[in-house]
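Peer 1: Given next are the chains, with one letter for each unit.
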Amino acid sequence: GAVVSQHPSWVICKSGTSVKIECRSLDFQATTMFWYRQFPKQSLMLMATSNEGSKATYEQGVEKDKFLINHASLTLSTLTVTSAHPEDSSFYICSARRSGLYNEQFFGPGTRLTVL
Amino acid sequence: AQTVTQSQPEMSVQEAETVTLSCTYDTSENNYYLFWYKQPPSRQMILVIRQEAYKQQNATENRFSVNFQKAAKSFSLKISDSQLGDTAMYFCAFLGSGGNTPLVFGKGTRLSVIA
Numbered sequence: 001g002a003v004v005s006q007h008p009s010w011v012i013c014k015s016g017t018s019v020k021i022e023c024r025s026l027d028f029q030a031t032t033m034f035w036y037r038q039f040p041k042q043s044l045m046l047m048a049t050s051n052e053g054s055k056a057t058y059e060q061g062v063e064k065d066k067f068l069i070n071h072a073s074l075t076l077s078t079l080t081v082t083s084a085h086p087e088d089s090s091f092y093i094c095s096a097r098r099s100g101l102y103n104e105q106f107f108g109p110g111t112r113l114t115v116l
Numbered sequence: 001a002q003t004v005t006q007s008q009p010e011m012s013v014q015e016a017e018t019v020t021l022s023c024t025y026d027t028s029e030n031n032y033y034l035f036w037y038k039q040p041p042s043r044q045m046i047l048v049i050r051q052e053a054y055k056q057q058n059a060t061e062n063r064f065s066v067n068f069q070k071a072a073k074s075f076s077l078k079i080s081d082s083q084l085g086d087t088a089m090y091f092c093a094f095l096g097s098g099g100n101t102p103l104v105f106g107k108g109t110r111l112s113v114i115a
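Going down the list, the protein sequences come from chains A and B.
Under our numbering, the first residue of the first sequence carries the number 1, and numbering increases by one thereafter.
Under our numbering, the first residue of the second sequence carries the number 1, and numbering increases by one thereafter.
Bear in mind the hints are in silico, worked out from the structure with no lab data behind them.
Quick caveat, the model's predicted, so the values are computed rather than measured.
Check the hints yourself; a few may be wrong.
[Said to hold, decoys possible] Just so you have them, the derived chain A footprint on chain B, three or more residues with Cβ under 8 Å: (1) 15 to 21; (2) 100 to 112.
[To be verified] Quick look at which bits of chain A chain B covers, simulated, 3 or more residues with Cβ under 8 Å: (3) 37 to 43; (4) 46 to 57; (5) 107 to 114.
Just so it is clear, CB atoms sit at the ideal spot from N, CA and C, and this is done for glycine as well.
Just chain B, with the same shape it has in the complex:
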């Protein structure tokens, strides 16, 4: 079974600074997807970024980028120019192949952006 590990329960960063959230996973599959979701205080889950395992290029979405190391099974999220609105829980998630396969979530990292 796949597992997702987020080793940082809480992190904080100064506004405008850069922060990196770590995520590792375990799988025997070769084709899969990785995601970072954000859950602000409203508790609505918001997709931040997605990475296909077959793509070597790291995904980027504006201030958010990932460092995907397939061999190391590592998928970290970098937030540049942190903003107060980035304060939220961040969940790393794994999706294996197959139509009904559910997302496997990590335990989350609570990020606080400090003014």
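This is chain A alone, in the form it adopts within the complex:
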């Protein structure tokens, strides 16, 4: 089956520091990856869509300078939360779409970020 991993699964950092979250498709190539944010008891909120080798497309209201997304290869995308603040504390989920099969999307296990 198609597996998507995320690292770290949880992270605690101090306000003002930057945190990088990695998303990897382990057994398939993903030309498109998505980053979501989820608050407790709420739905997934799409932050950005990233395609391998090109700049990410951010959703309205998402600060591209704060949430840096890099999709350097067909199996790896990273989300860097820069100068993190307590309001950035949330659950971040990545998702990868298998190349050639746009209707199949697989989700990582998520990363819980807590900013003190």
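With chain A held as given, fit chain B onto it using these hints.
Peer 2: Chain B in isolation, oriented as in the chain A frame:
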């Protein structure tokens, strides 16, 4: 823009009983896909079932089945013989045509299966 509406924020069902979760959507497209995802307390998103809009036959996966009414833009999920492990958030999702089109999620329904 497409929208997905789940009108039941919370539901509960007795173990072994049947429950139906509702979902409606709005789109002007003719070709699309619909999904139900389950998010248990671990928060891992798990695909439950998928329906292609061009297929008239309702999708079925073991105890899970859908009632897809294309004209009414309705896509409900029926869980038969409910089990304690079915306790989770359930999200209905829409996927339009196009390679980079993102999934559009509903707000979710929290299902509790009671012993």
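Peer 1: Would you mind marking each hint as holding or not holding in the structure?
Peer 2: Comparing the hints with the structure gives:
no.: 1; hint: 15 to 21; in the structure: violated (count 0)
no.: 2; hint: 100 to 112; in the structure: holds (count 9)
no.: 3; hint: 37 to 43; in the structure: holds (count 4)
no.: 4; hint: 46 to 57; in the structure: holds (count 4)
no.: 5; hint: 107 to 114; in the structure: holds (count 3)
When held up to the earlier numbered hints, the structure conflicts with hint 1 and nothing else.
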